[in-house]
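Could you build all of it, start to finish, from the sequences and the hints given here?
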Amino acid sequence: MSINRRTFFKAMGATAVALSVGKPVFASDASVNESEFYGILYDITKCVGCHGCEYDCADAHGFTEFDIPKDPPFRQTDEKHRTVVNEYETSKGKLPRKTQCMHCNQPACDAACLTQAMHKTAEGPVIWREDKCMGCRYCMISCPFDIPKFEYNSTNPEIVKCDMCAELLKEGEIPACAYNCPEEALLYGKRSDLIREARRRIHDNPDTYVDHIYGEHEAGGTSWLYLSPVPFNEVGFNTKIQTTSYPGLTKGFISSIAPVDILLPAVLLGIYEATKSTSKTEEEL
Amino acid sequence: MSTNSQPAVLLPNERNFFSFLISELKPKGKIFTPFNIISFPIMMIGLVIIFLRFKNGIGSVTNLTQDVPWGLWIGFDVVTGVAFAGGAYVLVFMVNILNLKKYKPILRITVLNGFLAYLFYSAALLLDLGRPLNVINVVIGNNFGVSSVLFLVGWHFLLYMLALLLEFSPAIAEWMNARKVHKILSGITMGAVIFGITLSVLHQSGIGALFLMAKDKIHPLWYNSYMPLLFVVSSIFAGISMVIFEGSISHKVFSDQLDESSHQSHKNIIVGLAKICTVGMFAYFTLLVLVFIHEKNWEYISTPMGSWFLVEIIGFVVLPMFLFFYGYRHHKITVIKVASIVTLLGIMLNRMNISIICYRWDAAERYIPSWQEFVVTLTIIFIEVWVLRWIVRRMPVLRQSPEWARNSH
Ligand code: SF4
Ligand code: SF4
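Chains as they are written, first to last, in this note's numbering: chain E, 252 to 536; chain A, 901 to 1309.
Mixed in with the good hints there might be a few duds.
[Said to hold, decoys possible] Simulated DEER-style distance windows between Cβ atoms:
hint, chain 1, residue 1, chain 2, residue 2, range
1, A, H1230, E, G487, 55 to 65 angstroms
2, A, I942, E, N404, 18 to 28 angstroms
3, A, F932, E, L514, 46 to 56 angstroms
4, A, W1304, E, S507, 37 to 47 angstroms
5, A, L1058, E, E285, 31 to 41 angstroms
6, E, H454, A, P1032, 50 to 60 angstroms
7, A, F951, E, P320, 42 to 52 angstroms
8, A, Y1226, E, F325, 49 to 59 angstroms
9, A, P1120, E, S507, 16 to 26 angstroms
If you're looking for bench data, these hints aren't it; they were derived computationally from the structure. Note that beta-carbon positions come from the ideal geometry of N, C-alpha and C, so glycine has one too.
Below, the structure written as C-alpha cells:
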C-alpha cells in the first residue's frame, strides 16, 4: 500500500474544510441582537388560572376538538396542548402557572436541530418548519424545559410546541394568549422593555414579588419572563437550571472537530511512516 | 460445506458477471440449522412490525413517551451498536498504522462486521425517524444545521461507512476475480484507513457529545462534560471485546474457511487483544474515578441510583478488567471470552443508562420498550448475520486471499 503524500494532503485539506464548516454558529453572534427580541412577561400574581389562554392557543393553531380534563391533575404540554396552566400548592396558597416554550435567546433545540427546522427568528419566536424536519427528536432530547412534543401516532408526525404565534406576529398582531388574557397577566413587548417593566413592578411592590425575574438569565436568557409571588421552585420551575446557554455545552466539542480532522490524519501518517520499516521485527503486544 | 468455493476465473464481461452473481446467490450450506429455524420466523414478524410502523406511525409499535423520545432503537441499535463496532477502527489502526502483522488474519472479518453493523444501524435509524424522507435535507445540503452535534456525527458516520467499504473492497474484487480493480482499490486503502480512523474517533466521541445538552435530564452520576472522551475510550475495549466474542463464534461456524495455522494464531491474537482491553479498561476506570471526584458526586452514592451506578462500575468495568488481566497473564482463553461478554454487557448497560434508563429517571411515566421494539431490534441483527454469513461463505474474508492477490504487493 502506498500513497502519494502530496495528493494525500490535498485531499485532507479539502475534507478538513468541508467538515469544519461545523463551526459554532450561535444565535448570539453579532447578526442577531438579543435586545431586539420580543417576548412575553407573565405575572403569576395577576393570573387567575382560568385556562382561557389554553383555549385561545388551541383556536389560533387550529385544534378544533379541544378539551381540558375536568379537575385536572398535573398536566404537561403535549402534541395537542401547546400551553397548559397548572395549579400549585404554595406557601401563599394555590397559585396557577402557565407553561409553554420559553423561546430561549440561544435555544438548545435550534442548536440541536440538524436540518435547521427549529429556528430562532430575529424577532424572538422559536419556530418549527415542517418542510425541513426529519423527525429525529433530538430537539426533544436537548430542550432543558422538555417543551417540543412529537406526534407519535401520525404517519407524518410533527414536532409541536408554542411558536409565539409567529404567523400572527408577521401580520402585525400579537400572540393569541396575550391578546385575549382578561386579567392582563400576559404582557407582550420587546424583551428589554419587559425586563424594565418587571423590575419596576418588583421595585414598586417589594412585598408582592420575590426579587427575581425567571428567564432573565436562566438558560442564557429567554424571551418568556416570569414574575412570581413565591420562590420559583414552589410553582414548578427548575431553579437549578444553568444561567449560561445550553448550546454552549457543546461548543468545546464542536470547535475541536476541525482541528482533530486536520491533525489526527497527519499524526497517523507519521506513525505509519515510522513503523513501516520495523514491521518485520514487530511481533509483540 | 464445499471447500471449492473459489470462483472460477471470469472475464470482466457483463453476461458472465450476472450468471456468476446468480450462481453465488444460491444458498451454500445447510438450510435447516437451529439458527435459521429460530431467526427466520422472528425476521418475518419483524418485517410485519416495520410495515405497521410505516402504516400507523411510530407510536403504534413503540412505547416511546414525550419525556423519553429515544428508546431501544436509538439507545441500543445506534448508541450501543456504534461502540460495539469500534473494533474495526482499532484493529485497522493496529494493523495498518502500527504495523502489527499478527492481527492481520482477523482484520477483514472485523472490517466487514463494522461495515455491516453501520449499514444496519443506519437502517434502524431511518425506522426511528418520524419524517425519514427529509433526511435528504441533511445530505444534499439545502439545510445544513452546522452547529448541531447530530449533524456532525451523521456526516462522520456516513463518510466512515464509505471508508469501511473501501477498506473491505479488495476482498470483493478478489471474489469477482477483478484483478485490475483490485490493484486500484488496494492502492487507495491507505487513504481510507487514515480517514476512517479520524472519522471514527470523532463520531465515537460525538455520540457522547449528543447528550451534552441533556444536562438536567440525565442523572448526575452519568452526566458529565467528559462524556465524549469516555465514549471514545470505552469504544476501544467495547469494540475489541466484540471482536473476541464474535471471533469465537465465527471460528466455530466457519471453521471450514480456516486452515490449521490460523487456528493456532487465533489463540495468540486473543491473548494480545485481552492485553489491550486490560489497558483500555484501566484508563477508562481511572477517568471515571477522576470525573466522579471532579463532579463531587458523593451525595448520590447512597441513593438507589448510586447502587445502580456501582453495579455498572464494579460489576461491569472493574470485574472484566481483572478477568482480562488474569486471562492474558495465564493464557486462559475461556476467561478472556467470559471477560469479553461481561464487558459487552457493561457497555450496553452504560449506553442504555445514559440514553434511556437514567435519562429522565424522574419522569412520571417510565419508558419500557414494547415487545415489538425488541423484535425489530432482533430482526435487524439477524438480517445482518445472514448477510455476513453470505459474504463470508463467498469472499476471502476469513480464508486466505487467492494467490494472485497476495503476490501483487
Ligand atoms: S424552551 Fe426548549 S423548545 Fe423552547 S426555545 Fe428553549 S430549547 Fe427550544
Ligand atoms: S425532530 Fe425535527 S425539529 Fe427536532 S431536531 Fe430533529 S429535525 Fe430538528
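Status of each hint after checking the structure:
{"no.": "1", "hint": "A:H1230 / E:G487: 55 to 65 angstroms", "verdict": "holds, 58 angstroms"}
{"no.": "2", "hint": "A:I942 / E:N404: 18 to 28 angstroms", "verdict": "holds, 26 angstroms"}
{"no.": "3", "hint": "A:F932 / E:L514: 46 to 56 angstroms", "verdict": "holds, 54 angstroms"}
{"no.": "4", "hint": "A:W1304 / E:S507: 37 to 47 angstroms", "verdict": "holds, 45 angstroms"}
{"no.": "5", "hint": "A:L1058 / E:E285: 31 to 41 angstroms", "verdict": "holds, 35 angstroms"}
{"no.": "6", "hint": "E:H454 / A:P1032: 50 to 60 angstroms", "verdict": "holds, 54 angstroms"}
{"no.": "7", "hint": "A:F951 / E:P320: 42 to 52 angstroms", "verdict": "violated, 35 angstroms"}
{"no.": "8", "hint": "A:Y1226 / E:F325: 49 to 59 angstroms", "verdict": "holds, 53 angstroms"}
{"no.": "9", "hint": "A:P1120 / E:S507: 16 to 26 angstroms", "verdict": "holds, 24 angstroms"}
The structure does not agree with numbered hint 7 stated previously, though it agrees with all others.
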